[in-house]
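Asks: Sequence:
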Amino acid sequence: MERWSGRVALVTGASVGIGAAIVRELVKNGLIVVGLARRAELVEEISAELKGAPGKLHALKGDVSKEEDILAAFDWIKKNLGRIDVLVNNAAVLHISMLTEGETSHWKQIFDLNVIGLSICTREAFKLMKEKGVDDGHIIHIN
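First residue of the sequence shown? That's 1 in the numbering used here, and the numbers climb one at a time after it.
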């Protein structure tokens, strides 16, 4: 992990669960982490708890099912941190139902967040990595 110290990571769905655990470990290992979540106040609480850790955590409010929120997050990263080295696509939603009984609104929500949002984040991260000459970046999809 030493080679990633000081590098920039974006973690979506960073407020609870797996996303929060990933954020904690990255900051403890010296990365500059942007935690993107609808409940940014929870990411801010994690940031306060990690005060004094080798890395830094920035909380950004955003909904990964909304393209404008994703684009705003990448704009913030570019303006404030200058680059991105790691993207962890962790934000997701799950509605369990039989195909014959599922609700269309649930399917749309799943598709918008788990597929479209993930794809937009990946596109934007790749574009910024390429623009900044990052040739060893990582994009990780949590499923």
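Some hints here could point you the wrong way.
Keeping only pairs whose Cα atoms sit at most 25 Å apart, straight-line, the calculated SDA-like set for lysine to any residue is [what the hints assert, rightly or not]:
(1) K66 <-> A92
(2) K130 <-> A73
(3) K127 <-> F111
(4) K78 <-> K108
(5) K66 <-> I140
(6) K66 <-> N80
(7) K127 <-> E101
(8) K66 <-> K28
(9) K56 <-> I116
(10) K78 <-> G137
(11) K79 <-> V134
(12) K108 <-> I140
(13) K108 <-> M98
(14) K78 <-> R38
(15) K28 <-> L60
(16) K127 <-> V115
(17) K61 <-> E49
(18) K56 <-> R38
In short, the hints are calculated from the structure, not lab data.
Asks: Against each hint, give a clear statement of whether it holds in the structure.
Replies: Against the structure, the hints come out as follows:
no. : hint          : result
1   : K66 <-> A92   : holds, 13 Å
2   : K130 <-> A73  : holds, 17 Å
3   : K127 <-> F111 : holds, 23 Å
4   : K78 <-> K108  : violated, 30 Å
5   : K66 <-> I140  : holds, 20 Å
6   : K66 <-> N80   : holds, 21 Å
7   : K127 <-> E101 : violated, 40 Å
8   : K66 <-> K28   : violated, 30 Å
9   : K56 <-> I116  : violated, 28 Å
10  : K78 <-> G137  : holds, 15 Å
11  : K79 <-> V134  : holds, 16 Å
12  : K108 <-> I140 : holds, 23 Å
13  : K108 <-> M98  : holds, 15 Å
14  : K78 <-> R38   : holds, 20 Å
15  : K28 <-> L60   : holds, 19 Å
16  : K127 <-> V115 : holds, 18 Å
17  : K61 <-> E49   : holds, 18 Å
18  : K56 <-> R38   : holds, 20 Å
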